[in-house]
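Trainee: This is what each chain is made of:
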Amino acid sequence: MDAVVFRAWIVTVAEVIEANRDHLTQLDAAIGDADHGINLARGFTAVLGALDAASPGPQTPGAILTLTGNTLISKVGGASGPLYGTAFRRAGKALGDAADVDLPALSAALDAALAGVQQLGAAREGDKTMVDALAAATRAFGKAIAEGASESEALRSLVEAAEAGAEATIAMQALKGRASYLGPRSVGHEDPGAVSTALILGALRDAARAGR
Amino acid sequence: MKKLINSPETVVTQALAGVAAAHPSLTVDIENKVITRAAGPRNGKVGLVSGGGSGHEPLHGGFVGYGMLDAACPGEVFTSPVPDQMLIATKAVDGGAGVLHVVKNYTGDVLNFQMAAELAGDEGIEVVPVVINDDVAVEDSLYTAGRRGTGATVFVEKIAGALAEEGADLAAVAAVAREVNDRSRSFGVALSSCVVPAAGKPTFELGDSEIELGIGIHGEPGRTRAPLTPAAELAAVALDAINADLAVNGDLLVMVNGMGGTPLIELYLMFNEVRQYLEARGGRVARNLVGNYITSLEMQGFSVTVCQLTDTLTRLWDAPVDTPALRWGR
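Chains L and B supply the protein sequences, listed in that same order. Residue 42 in our numbering is what sits at position 42 of the first sequence, and the numbering runs on without skipping anything. Count along the second sequence from 1, add 1000, and you get the number used in our numbering.
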């Protein structure tokens, strides 16, 4: 996967987040403060602007993800800005200067993203956060690669696990973030951060598929 | 939902333009969303910076001025500001004696201020953050993000601001800020939801005779839903929760705060209920604030914040202050 695919990933993320803006905000209204879709849509619109404005634009997958992360940190605010910003920055750093990214390198980058999110937010699996989607996804991705999966199979495992991880948050009681104030009343609602994580990883699969 | 806006996207910047026009004592950097004192930093004085999501006005921008904050960073509505604007504010107010960050305990605010403090440190500015967490509606345990920062923020900004104005060093200003936070507790009740402009509809639904006990300042739910009861009973619910955590006796600083949509006549009525409750338990309302100081857009309801005063804290509370939203003694 080259810079074209990674740029397409970010463009697809912006489209998917915009399309799901109200859905994410509704999920957040149920257990948070009703701004998740709004903030991410604002953030990725700013990312597209930054990618277009950069001259010369980022030429490598790593540079694209780093610029994405920096822009999210600068523009979004809230918890999602630093958390997603750190995820993209760490992934970008892990990819280094490589012009082409193979599956093990992508897997390592997603692991680095997860580690960054957990270091900053101190959330663990089961806390009803984006970590529930991201951790399940990176684990499934690594396993699929170890078992010799093709790119499309591995990315399908990644997204399916992310979606299952997001869905699993419905039954959880939130222990981190604003939803934790609800205590037991947070049970029965899907975590908006886990859902947006699944959407972002879904966009990666779609961009890779389109790029083949 | 009806609002006095031009478009949801421009609410914050256009409101900041209004703040700039209304208050010549402030300098407003609209592009970066930073409000500072027009007089600029004073050499050797500790700078005080706070910030948070917009929608809580007059917090924080209305508290920028002599005897209180040096700068405020408003984020989007109910969304914490970003590290870049906090860094701009921190550099703008640094008078060489370091800068105190007053941070309300929400995941986003804490993360962004943490990043800003690191950036400021890289530029050689000493920053000490003080995290405000006075809301007893949230159980402070391993199972939550911890107590939220609410009404005590106003007390901290006033009292720490007064000490900074006297020329105290950063450690002393941070210590008094922590002391005020430690001695303060809050509890909020909502009668109706707020409406985030970009969302366009109520954050939560309440029945005609339903209220939310322990509401947060972003419309995030608190302890429980309950049927509406008379004001005296609501005062007791709020103060029972506070009193269970911090004894409400001795000299007290008490704020009865509107959420943005509550008539002042009801806040005064509520203040009287609060006063009676406290006096019956050996408390004396030595100082008070009644009005809208930390709001949640158009939410109807009230919060009560109680701080156990000491002679020093009372003196610093009484010290001159000259800001758009709090002004006396000067």
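Derived from the structure by calculation, the hints contain no laboratory data. Mixed in with the good hints, there may be bad ones.
Claimed, not checked - Selected chain B positions facing chain L (in silico; Cβ < 7 Å):
#1 S1080
#2 P1081
#3 D1084
#4 I1088
#5 T1107
#6 N1112
#7 Y1143
#8 V1195
#9 A1198
#10 D1208
#11 P1221
Remember, predicted model here, so these are calculated numbers, not experimental data. Glycine residues also receive a C-beta, built at the ideal position from the N, C-alpha and C atoms.
Trainee: Could you work out which earlier hints the structure fails to respect and list their numbers in ascending sequence?
Mentor: Of the numbered hints, 4, 8, 10 do not hold.
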